[in-house]
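Enquirer: Residue-level listing of the chains:
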Amino acid sequence: MNNNGLNNNRSRETALVISQEEISEGIFNLKIKFRDDYTALKNTLPGQFVSLYVSDGSMLLPRPISICEANVEDMVLRLVYRVVGSGTKAFSSLRSDDTIDVIAPLGNGYDFDKIISENNLPDDASFVAMGGGIGIPPMLGVVKKLHEMGKKAYAVLGYRSNDLFLIDDFKKYSEVIISTDDGSVGTKGTVIDALKASGVKADVILSCGPLPMLRGISSYASENNIPAYVSLEEHMACGIGACLGCVCKTVDVDEHSHVNNTRICTEGPVFRSSEVIL
Amino acid sequence: MNLSVDFAGVKMKNPVTTCSGTFGSGMEFSEFADLNMLGAVTTKGVASVPWEGNPTPRVIETTGGMLNAIGLQNPGVDVFLERDMQFLKGFDTKVIVNVCGHSEDEYLDAVEKLNVEDAISLYEINISCPNVKSGGIAFGTDPKMVEKITGAIKKVSKKPVIMKLSPNVTDIKVMAQAAESGGADAISLINTLTGMKIDINRRSFALANKTGGLSGPAIKPVALRMVYEASHAVNIPVLGMGGIQTAEDALEFLMAGATMVAVGTANFNNPKATEEVVKGIEAYMERYSVDDINDLIKIL
Numbered sequence: 121m122n123n124n125g126l127n128n129n130r131s132r133e134t135a136l137v138i139s140q141e142e143i144s145e146g147i148f149n150l151k152i153k154f155r156d157d158y159t160a161l162k163n164t165l166p167g168q169f170v171s172l173y174v175s176d177g178s179m180l181l182p183r184p185i186s187i188c189e190a191n192v193e194d195m196v197l198r199l200v201y202r203v204v205g206s207g208t209k210a211f212s213s214l215r216s217d218d219t220i221d222v223i224a225p226l227g228n229g230y231d232f233d234k235i236i237s238e239n240n241l242p243d244d245a246s247f248v249a250m251g252g253g254i255g256i257p258p259m260l261g262v263v264k265k266l267h268e269m270g271k272k273a274y275a276v277l278g279y280r281s282n283d284l285f286l287i288d289d290f291k292k293y294s295e296v297i298i299s300t301d302d303g304s305v306g307t308k309g310t311v312i313d314a315l316k317a318s319g320v321k322a323d324v325i326l327s328c329g330p331l332p333m334l335r336g337i338s339s340y341a342s343e344n345n346i347p348a349y350v351s352l353e354e355h356m357a358c359g360i361g362a363c364l365g366c367v368c369k370t371v372d373v374d375e376h377s378h379v380n381n382t383r384i385c386t387e388g389p390v391f392r393s394s395e396v397i398l
Numbered sequence: 117m118n119l120s121v122d123f124a125g126v127k128m129k130n131p132v133t134t135c136s137g138t139f140g141s142g143m144e145f146s147e148f149a150d151l152n153m154l155g156a157v158t159t160k161g162v163a164s165v166p167w168e169g170n171p172t173p174r175v176i177e178t179t180g181g182m183l184n185a186i187g188l189q190n191p192g193v194d195v196f197l198e199r200d201m202q203f204l205k206g207f208d209t210k211v212i213v214n215v216c217g218h219s220e221d222e223y224l225d226a227v228e229k230l231n232v233e234d235a236i237s238l239y240e241i242n243i244s245c246p247n248v249k250s251g252g253i254a255f256g257t258d259p260k261m262v263e264k265i266t267g268a269i270k271k272v273s274k275k276p277v278i279m280k281l282s283p284n285v286t287d288i289k290v291m292a293q294a295a296e297s298g299g300a301d302a303i304s305l306i307n308t309l310t311g312m313k314i315d316i317n318r319r320s321f322a323l324a325n326k327t328g329g330l331s332g333p334a335i336k337p338v339a340l341r342m343v344y345e346a347s348h349a350v351n352i353p354v355l356g357m358g359g360i361q362t363a364e365d366a367l368e369f370l371m372a373g374a375t376m377v378a379v380g381t382a383n384f385n386n387p388k389a390t391e392e393v394v395k396g397i398e399a400y401m402e403r404y405s406v407d408d409i410n411d412l413i414k415i416l
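From first to last, the protein sequence lines stand for chains A and B. For the first sequence, position 220 (counting from the first letter as 1) is numbered 340 according to the numbering used here, and the numbering increases by one without interruption. For the second sequence, position 292 (counting from the first letter as 1) is numbered 408 according to the numbering used here, and the numbering increases by one without interruption.
Keep in mind that the hints were calculated from the coordinates and are not lab data. Don't take every hint at face value.
As the list claims (entries may be wrong) - Only pairs whose alpha carbons sit at most 25 Å apart, straight line, appear in this in silico PhoX-like list of lysine-lysine: (1) B:K388 to B:K127; (2) B:K388 to A:K162; (3) A:K153 to B:K388; (4) B:K326 to A:K369; (5) A:K369 to B:K313; (6) B:K289 to B:K271; (7) A:K209 to B:K313.
Stated by the list, open to error - If you anchor each label on the Cβ, the simulated ranges turn out as follows: (8) B:I415 to A:V203: 46 to 54 Å; (9) A:S213 to B:E228: 49 to 57 Å; (10) B:E402 to A:S139: 38 to 46 Å.
The beta carbon of each residue, even a glycine, is placed where N, CA and C say it ideally should be.
Next comes chain A alone, as it looks inside the complex:
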């Protein structure tokens, strides 16, 4: 069940910062490069994350940051994150040629072959990737992968206002549908409102964003009988499945924990929405 389980030969690596810029207020676009023989990176899937360490030792715990795009040929990961606390603030001062310690890739991402077979999706199925706020970046890797696979992909993106970060990247791989909180672009309201207004019929939904949005998607999907996947976040300590800090409640008893809790860092962060209690 876990496509990124044990013995993937991952390690805490020192990666090289290629570039970083602020692409929207408080949102940073960071590209980091790994050594060429770091083979663990080759299997990176959309929806996975990395643990970033504050290199000066002033903070202990790694910060989980979702992968926006993986360019494994060049051993480069693109991370787009929002500054929310002391850890992300420290990362935001990184410049080209700095180094950053990181474990990658982590967690269970989107395995589309499995998603297609599990849900008996037809070849022409519509994949709808929904991202809200800082949940938008990981959806870029999702539509990029679907584009490579020749699948029909839509990106439904929820922004606060007309500051549409990453929109040009999304347009390369998918049709883009927008919702904004203030109604300045696209549909005023939620990503569900925008999906309904677009008339696009989703065969499967892939999503990342704030909890109220994911709850909305989960109930919309179950009411309309659409398989849906949600990407969750939680405070983590180890990031590798040992500390049990980052759990989410589950409908059934979890195979690993033997209670109704599952590890977001290991069994997740991507879950079938019907399996977790949000």
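Following the hints, position chain B against chain A.
Expert: Frame of chain A, contents of chain B only:
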């Protein structure tokens, strides 16, 4: 050069183990660190039946440390024996199993079930978890209760018993002596210090449990003082822990009176921390021409 120590009758190839709860059962960390390098692996607390643990958020970073309120989530002793113990048997390291319970009966039930497994070297009895309502710290802060529960566990245990003590007491020496009077083969300390953090933006507690256990380098001086006091108040060996990140930290604990040391929160910052502590102790011994680690233990 000899790094091996005798700990409550068990020969450990070196004095380094893990703090319960920071290392799972070693399975996840085995991708990052060589378990064969460790004197012992101390496993996450296991109870007679599965425990759900606390709501999230369960962990939060604080200055120089972190708070946790996991609430001893565990899959229960049956799964532990079938899965985690079988995994650990593949490594050349000793196994210390941490045991938790809500009541005396639950501790005894878990110990009796674990007794069948020969590959377990010792039990560490958690009477000091600050994050569960009954059991845990409720036992660990009353010397009469410590003595009583130690005695009860000793009666059923087929392995040497380490009692894990709480630092949330007025006089650690009294607690150490109570465990010794109850028949404990060893003591370990310190468990986490009860703490709190408030998120001023959300105007609420940072942890769902309101309070949590403080660990990490912030607690090291407190832990070292308590290990020193406790080890000089009893005649049983001490497993010292609390904020150990490096070999230098570990050596301080050994000199203060610990026969073994455990690395905990440091694993989250550096998954190779345990391995590096062992190598660093060796390097120290080489530098100062110390032939036997035992010549450094309890020298102060």
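Enquirer: Is the straight-line distance between the alpha-carbon of K369 (chain A) and that of K313 (chain B) 25 Å or less?
Expert: 24 Å, holds
Enquirer: Sort out whether K388 (chain B) lies within 25 Å of K153 (chain A), counting only the CA atoms.
Expert: With Cα atoms ~22 Å apart, K153 (chain A) and K388 (chain B) stay inside 25 Å; holds.
Enquirer: So if I understand the rule, the pair passes when the alpha-carbon distance is 25 Å or less; does K289 (chain B) with K271 (chain B) pass?
Expert: 24 Å, holds
Enquirer: Given the hinted pair K209 (chain A) and K313 (chain B), is their Cα-Cα distance within 25 Å?
Expert: The hint holds at about 20 Å.
Enquirer: Given the hinted pair K326 (chain B) and K369 (chain A), is their Cα-Cα distance within 25 Å?
Expert: Holds. K326 (chain B) to K369 (chain A) sits at ~19 Å (cutoff 25 Å).
Enquirer: Taking 38 to 46 Å as the stated bounds, is the beta-carbon spacing between E402 (chain B) and S139 (chain A) within them?
Expert: 44 Å, holds
Enquirer: In this structure, is the beta-carbon distance linking S213 (chain A) and E228 (chain B) contained in 49 to 57 Å?
Expert: 56 Å, holds
Enquirer: Looking only at beta-carbon atoms, does the pair I415 (chain B), V203 (chain A) fall within the given range of 46 to 54 Å?
Expert: 48 Å, holds
Enquirer: Need the status of pair K388 (chain B), K127 (chain B): alpha-carbon distance at most 25 Å?
Expert: Holds. K388 (chain B) to K127 (chain B) sits at ~23 Å (cutoff 25 Å).
Enquirer: For the pair supplied as a hint, K388 (chain B) and K162 (chain A), is the alpha-carbon distance within the 25 Å limit?
Expert: 23 Å, holds
In the structure shown, no violation is registered for any of the earlier numbered hints.
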